[in-house]
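Here the protein sequences line up with chains A, B and C, keeping their order. FYI, the numbering for the first sequence is 551 to 877, going by this note's numbering. FYI, the numbering for the second sequence is -1 to 318, going by this note's numbering. FYI, the numbering for the third sequence is 700 to 979, going by this note's numbering.
The set of hints was computed from the structure by calculation and includes no laboratory data. These numbers were taken from a predicted model, which means no experiment stands behind them. A hint or two may mislead.
To be verified - Partial list, computed: chain C residues near chain B (C-beta under 8 Å): (1) GLY916; (2) ALA945; (3) SER949; (4) ILE956.
Idealized CB from N, CA, C, for every residue including glycine.
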Amino acid sequence: MTRVLDVRDLRVSFPAPDGHRFFPVDGVSFTLDRGETLALVGESGCGKSLTSLALLQLVPPPGRVEPGSAIRLGDTDVLSLRGEALRHIRGRRIGMIFQDPMTSLNPVFTVGDQIAEGVRAHLPVSRAEARERARALLQEVGIPDPTGRLDAYPHQLSGGMRQRVMIAIALAAEPEILVADEPTTALDVTVQAQILEVLDRLRRARGMAVLLITHDLGIVAGRADRVAVMYAGQIVEEAPTPKLFAHPSHPYTQGLFASVPRISGPVTRLTPIGGTVPPPTAWPTGCRFRPRCPQAFEKSQLPPELLPVGPDHRMRCWLAEGKVGRG
Amino acid sequence: MRPWLVRRTLQAALTLVIALILLFLVVHILPGDPLAREGDRALTPQQTEALRARYGLDRPLGSQLLVFLSGIARGDLGVSIQYGRPVTGLLLERLPATLLLGGAVLLLNFTLGVWLGVRQAVRKDSWEDRWITTLSLAGYATPSFWLGIVLAAFVGVRWRLLPAGGMRDPLGTGGALATALDVLRHLILPVVTLSAVSIAATIRYQRSAMLEVLRLPYIVTARAKGLPEARVVWAHAWRSALFPVLTLLGLWLPILVSGSVFVESVFAWPGLGSLAIAAVSGRDYPLLMGAGVLVAGVVVLGTLLSDLAYAVLDPRVRVA
Amino acid sequence: MRIIAEALRTAWGTPRGRAGLMFLGFLVLLALFGPLFLPDPARQFDLDELSTTPPSVEHPFGTDELSRDVLSRVVNGARISLAVAALAVGLSITLGAGVGLVAGYWGGAVDALLMRFVDGALAIPRLFLLMIVLVVPDRVPLLALILLIGTTGWFATSRLVRAEVLRLREETFVRAAEALGASRRRIILRHLLVNAAGPLLVTATLGVGDVILLESGLSFLGLGVQPPTPSWGGMVLDGRAVIEAAPWVSIFPGVAIVLTVLATSLVGDALRDAFDPRGA
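Let the hints inform the model, and build the full structure from the sequences given.
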């Protein structure tokens, strides 16, 4: 499998009112192979969106990516790029979809213009051809009457259609990687499944790698090849999807699964995870999940590394030291 | 859109009428007799009485007001004391010069001001950002009459780079092009003076409008698409940041009117402003009143146009 | 009052705010105590040698055409300009708050009448209005000038206060407090004071700068502060006749105006940011 993206030790910092910096993304590493889908799962405040923005150097100022972080796209070191070279990555090698299509699309430009613009930014085609490609993309994402819709404005389309347009825009310059930041969160449940279908279909057709960012475990099953769970700026567990669902090992992951209602199985009480998510300005010392962890013990006062729990399965928890060999 | 337009126009008309009544009252209720002197000469009581009768000032206040208002409706603003000619004619005569000055200042403010405001927003918190803010505030703090005097004295007289006053070279001959260039040369100092003291508002407004838009999610999308930065800033962000600044156009007029009074006076620019000054020194209150009426009309019109511009340009309002 | 102190402290924290506050503080001190240390310009007429002299050690700002020390005239002028501005602005704020309160609270016909009046008044540029008003009488004593400037500057403030009152009227916490027995009037007044204090302070600060510009302009036209009372605008006017030979006579008072109004703008801006952190 060709590796298309290699992120190592990514840290993103922001200035705090008292002058110090804090790290909403604190040492995240993952890889992405061609054609696979990696889901980055976590609650709000865990740093997953910032991670995705960092990939395109779109971290909003005064935030910045800390030196020591590495993002490699094939042979290219993304973090060292500036100007034209950086522009070349954005859209052309990595495409991105954002959460709320209503605010992520420019209200004064037509849908067709916004797609064609993305095409022309990277491919040397004429206006007419860009428009034709835009039409083809609209069709590919499943919008009925694509020709008619080219001249529509975003506010004239439904939420689901707008998100499809966003996907079309992201694919306009034919990137190798698609980053989808909570692509279905702002949509109705029925539409969510459709959008995920579209993403899947396009991924297979184009051989893209997909980084799917979400807080919803439900959409991960069956869609992602691998899952990485994030908490407090770090990845706390990662495994191939079936394994994670079968044997969630990190107490946080277990907590997540326990708090999600299931259709099958006995009707039990939902057990929420006690406590609240810590703010990025005040990560707990030692293991960051310790204050809320039902299995915390003395060693939890030391910050744990990512330790193996099984083949391809790691978690950031000292409990792994007792678990190796199982699973 | 139509019913709103009608309502808004009627509102503007009402505002204008109230402004005119106010102007009228202000003059007639104050102590001091506008007609007790003609220029600097004090008049005898009989002369004052004769003048009073001539101007219809011996009639009750109410009927004077009606005469005043109906006169305005007819376009009759009375007769100037010092020039002895109808005020309306005098005003119309001087209007083009002021429009030229005001128009040039507006043009400069809007192009330079918009450009600087956008630059500032894109380079927020940089040296350039801070300095442009401080400089434009210093400009606002500068009295236009003082700046005009200084510029006229140094650039105009001492260094002889540009004409120190007037609209045209009195000795000039030559065809239309030469005259136009001559006027342009004379226009430079007054425009620079008036622009320097008034550009701050445009820069500021554009900067904050741009900053608002640059924060929006669709700008992130535009960047994520790999669009050139210039396109993100001008085609995407500025498109939306322009609207609030365009609406400023109408609100500009009161400032330009006041500013032009000093600038025209200092540079001997033959427009409405210097006419107003002449009216002040000549205690020519019909002329001053007439100018006040014109100015109030211009201000109300400007505000109306500004509201209209906003309604027309915002596509969401259009569709609604 | 705590909010105001808080905001001032925040403003002091920013470099521009601090520069503005320092200059204003310095100016106020200068205006209050300066004339004690400087020669009285009114007594400097040296009838044998009425001439301008360039800036020197003895006369740091030079002398004007009547041999008066420009520096001390500028300092005396500061007294006048600041006093006029402060009093006029105080009057404007009071009137504006009062009218806004009445209009917002009573509503109905009173509100409509007042606001239509305000609309009409705002259509006439303040300078023009004052020019018209000041041209008629023979002499305008300083107090009358202050009153006139003050009564022409309350219109925008009244709108601001009125909007705030209207907003408060609709707040549920007002009704809740009422249900608990508090007087509606007092609740609104108290909350109004708290909420409006900030914007009013900003308006007042910026207003001082505006009035200084306005008054100096009027004085330049001969309509404002009358000689021999020194005023910056009047000094610029005096200096105009000798601008080529003795530019310092006009330049220094002008610079004084620029620095003062710049200081008020910087402080006003800093205060505005302090009250509304969202502002960029």
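Verification of the hints:
no. : hint   : verdict
1   : GLY916 : 6 Å, holds
2   : ALA945 : 11 Å, violated
3   : SER949 : 6 Å, holds
4   : ILE956 : 5 Å, holds
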